[in-house]
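Student: Here is how the chains run, residue by residue.
2 protein chains.
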Amino acid sequence: MNFRVIFESKGLQVVTLLSPYLRRLQLLPPPLSLTIKEEEKVEMAGPSGKKEKVDKAGPSGGGGGKKKKDVKKETGLGLSVKKDENFGEWYSEVCKHEMIEYYDISGCYILRPWSMAIWEIMQTFFDAEIKKMKVKNCYFPLFVSPGVLEKEKDHIEGFAPEVAWVTKSGKSDLEVPIAIRPTSETVMYPYYSKWIRGHRDLPLKLNQWCNVVRWEFSNPTPFIRSREFLWQEGHTAFATKEEADKEVLEILELYRRIYEEYLAVPVVKGMKSENEKFAGGLYTTSVEAFIPNTGRGVQGATSHCLGQNFAKMFEINFENEKGETEMVWQNSWAYSTRTIGVMIMTHGDDKGLILPPKVASVQVVVIPVPYKDANTQGIFDACTATVAALSEAGIRAEEDLRDNYSPGWKYSNWEMKGVPLRIEIGPRDLENDQVRTVRRDNGVKEDIPRGSLVEHVKELLEKIQANMYEVAKQKREACVEEIKTWDEFIVALNKKKLILAPWCDEEEVERDVKARTKGETGAAKTLCSPFEQPELPEGTLCFASGKPAKKWTYWGRSY
Amino acid sequence: MNFRVIFESKGLQVVTLLSPYLRRLQLLPPPLSLTIKEEEKVEMAGPSGKKEKVDKAGPSGGGGGKKKKDVKKETGLGLSVKKDENFGEWYSEVCKHEMIEYYDISGCYILRPWSMAIWEIMQTFFDAEIKKMKVKNCYFPLFVSPGVLEKEKDHIEGFAPEVAWVTKSGKSDLEVPIAIRPTSETVMYPYYSKWIRGHRDLPLKLNQWCNVVRWEFSNPTPFIRSREFLWQEGHTAFATKEEADKEVLEILELYRRIYEEYLAVPVVKGMKSENEKFAGGLYTTSVEAFIPNTGRGVQGATSHCLGQNFAKMFEINFENEKGETEMVWQNSWAYSTRTIGVMIMTHGDDKGLILPPKVASVQVVVIPVPYKDANTQGIFDACTATVAALSEAGIRAEEDLRDNYSPGWKYSNWEMKGVPLRIEIGPRDLENDQVRTVRRDNGVKEDIPRGSLVEHVKELLEKIQANMYEVAKQKREACVEEIKTWDEFIVALNKKKLILAPWCDEEEVERDVKARTKGETGAAKTLCSPFEQPELPEGTLCFASGKPAKKWTYWGRSY
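For the protein sequence lines, the chains are A and B, in the order given. Numbering of the first sequence is given in UniProt numbering, commencing with residue 1 and proceeding in unit increments. Numbering of the second sequence is given in UniProt numbering, commencing with residue 1 and proceeding in unit increments.
If you are wondering where the hints come from, they were derived from the structure by calculation, not from laboratory data. All figures in this text were calculated on a predicted structure; none of them were measured in a lab. Yeah, the Cβ is synthetic: ideal placement off N, Cα and C, and Gly gets one too. Zero decoy hints are in this set.
Short, incomplete list of chain A residues facing chain B, as computed with Cβ under 8 Å:
#, residue
1, Glu101
2, Cys108
3, Arg112
4, Met116
5, Lys136
6, Pro141
7, Leu142
8, Val163
9, Trp165
10, Thr167
11, Lys168
12, Asn404
Produce the complete structure using the sequences and hints provided.
Tutor: Here is the structure:
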């Protein structure tokens, strides 16, 4: 039977109907509900080597719909819940589909190649940009001695509860316990003090790509909140506050570009409140994303000005042109693998992941659609030629010529993995010297002549990237609600809105709002005060305190 | 006075004579003996923020030789010992010159940008090569649960004494202590067991770039032996032993290329003995380097075939085409930041580091040599233009226009940092539209017309790279000694030779040799049995046991 006909006429529906049958033939992965149980076993008891015997080498079937009722509980292919029905479960299932593997130590996750490739693409971009800014890479140790870690009081208070301690090596106890870096300010700055003598040693701009550990107990979430994660941390020192302030914003702009230009995730640039700023720093700027489904903000990345606080603690002084001793001005800035989680939450749908072309390790997947007595070899050759032409043009393309899966299974499988563009080649395409393209973001199909393949595909990938951003932006805009009073605030909060409110900018008041909104879904707090401030009419009052408002600030629950 | 004249006539000698004077004017760094004391303080008490006030903004002097006797104790610029006099001290001083900073936790070191750049260049090469082999990058957690870590008995016996354990987070004890990975076999393979089902899931080829921790107590050495280090670890699984065997050698060849083509360090490819192979593996191949000054071998990098041992422990099975269950064949392979230490030991001289052009982050440094009433601005412009032309051509070039250092100081400073090629531009060069090149590897000077600058420099850099390898190879060859008897063995060992001996290949005998050669300089052991075996005449006997010899094997003390 002709798959093209089936899958075009009924689309995924059909796969859904057939899935128990296909699955028995091992043409579909086991329903994820199963996988999850397995995961949980792993989480508790350590990964079991055991597994039911499977024969993936079964016949390449796919026909004959039956057992409708068996299927009811499933949505799309493999996902057991819809994004809108149970977001948490949906997110965990999507992550588990080749992005993440749950690990036998809770709060730790395995980054599989499908997600690691995304991290590497962002890394290539960011690393090149900071090198243009004369930032140099280095590597400081994973371990911190207690004395140094605790040198900056506010700072350590901020991190102490989450610090993991090494106390033994082999069978013997260490003389002093040694901490694992939760971040590296205290690791690095004693040496900044040593390396910086005169004004000519400034600015000092270092960055490192590394892992950090924060032993959190609030429920772990892949990418978003894990006990070990990968990040870059930049640490810079300047002679003047002006230079530091300038760099804070240059870096923040790079973070915006990572989210908006690479991950197609809209973010707000703004200033963190006193309560929410970096422990020990002067002020913190951030890019904030928002997840409509949960009505929660996500701190996307932060660029801190540390002022002279650490310089004072660690005696980072320099001699200026006049021969006087001054303290340096410092910044630190970081973004982490959390970025990937925000991207998944923003774009994924009931079919699974949707990857923006710019970060997808496979931008185009080419799938042959053979038809019984048609020229199968010709179709396969056309697929290979297509991949060759695209790769030649610098497009990341792959073919899926596996003979043990049906085209329909492959469509759904690559949709689940989020590949931005699918190319199908069947007998009719061969005759007409064309290929069929199918967009992952909106499902739009198009027949394009093989003559103009490369230009068309390049154009399509750009359109997909742009559209994903636009759609995400519209969804977020639809959630923004401007409020003036406490009652409006509570209503909007319960409606999962991204709340923009006039605020008196007093720490006391934010703490009070947190206290008054505490609940099992978490308290509301400030996300950021956007740099782009709407007009604040004379005499506007703070929604929470009734005092004169100083600025517009975004409020909401957050990750 | 004209620096060119001074520095050409007497070379560094002059700087040496002048160094105390220059130093008082802050035209030279403090003698490293000072720095070392500081370091030691750091190692014991944590880095001190305190520092003597220095004014680097002093006049740009350099003339007038005096106080000969003050200088006697010093060699070259800043190094307090010669490579041949006290190799250990020499190595530590060279490392401290911007490659490494000693850290307040013993056995941990800071990789400064000057060494990190070398690591990144090797990483770019190797990462691209393994991606061609279809190896994919991933990231597994830093932490291992005890149960998994101890699953493979020989393996854990090999690592147990060096494992660091996390037992606390914040103030609370963990339910079970958690290990920090010394290597990731046991971290990864439970998931290989889960991911691999049928023959179509093979080969599985993963790699990760990460940090590992081995809490060694034998004396730490920067790069060569540290408690935390950076490496790449590849872990692959195949359906057949043939495929595994083939990959072991493909990877080993990449390691050879890193050493010989990038670091200009000659290595021997060979097989490790049973005593020296990877704990839990089937066999271990390695590239072995040799340090003539200490007469010690260094294991440069290893490519292991693990056979089916881990597959058995972790139940990594697959179903073959015939539907039968089989165990996979596995490899693991790694190289680390140790590579950088081997390079420093091999090429450095009494002036400091010598970097091979291929890994030098600065391949060419351009230094202006102004002369009192000469056209200083013209000279500076010529330097900038030269750097621009070289950078344009993809050569990593930098200018040193600092006005607070004399040309002589700059020469010595960049020689200490090991920059392969120096370009000087003075008044005469400006007149003759030429530049003066000075090679770091052999000191050869050349005047080249600015017209053919780029071609000349490219050619010179290639010559330097080739020459550094050749010189290192000759030095090593001169140390190789072929012996037949125990007496010859002992004599050669005491002469710090790289000993090639006929061996019966019995574990007992190697253990016996170790026992009989034990001493404060360490026992002798096998380094490897080279793949290129000299002819072994019928009836040749083992130098140690007198039994029939099976192969030629390299023996010696090692790092």
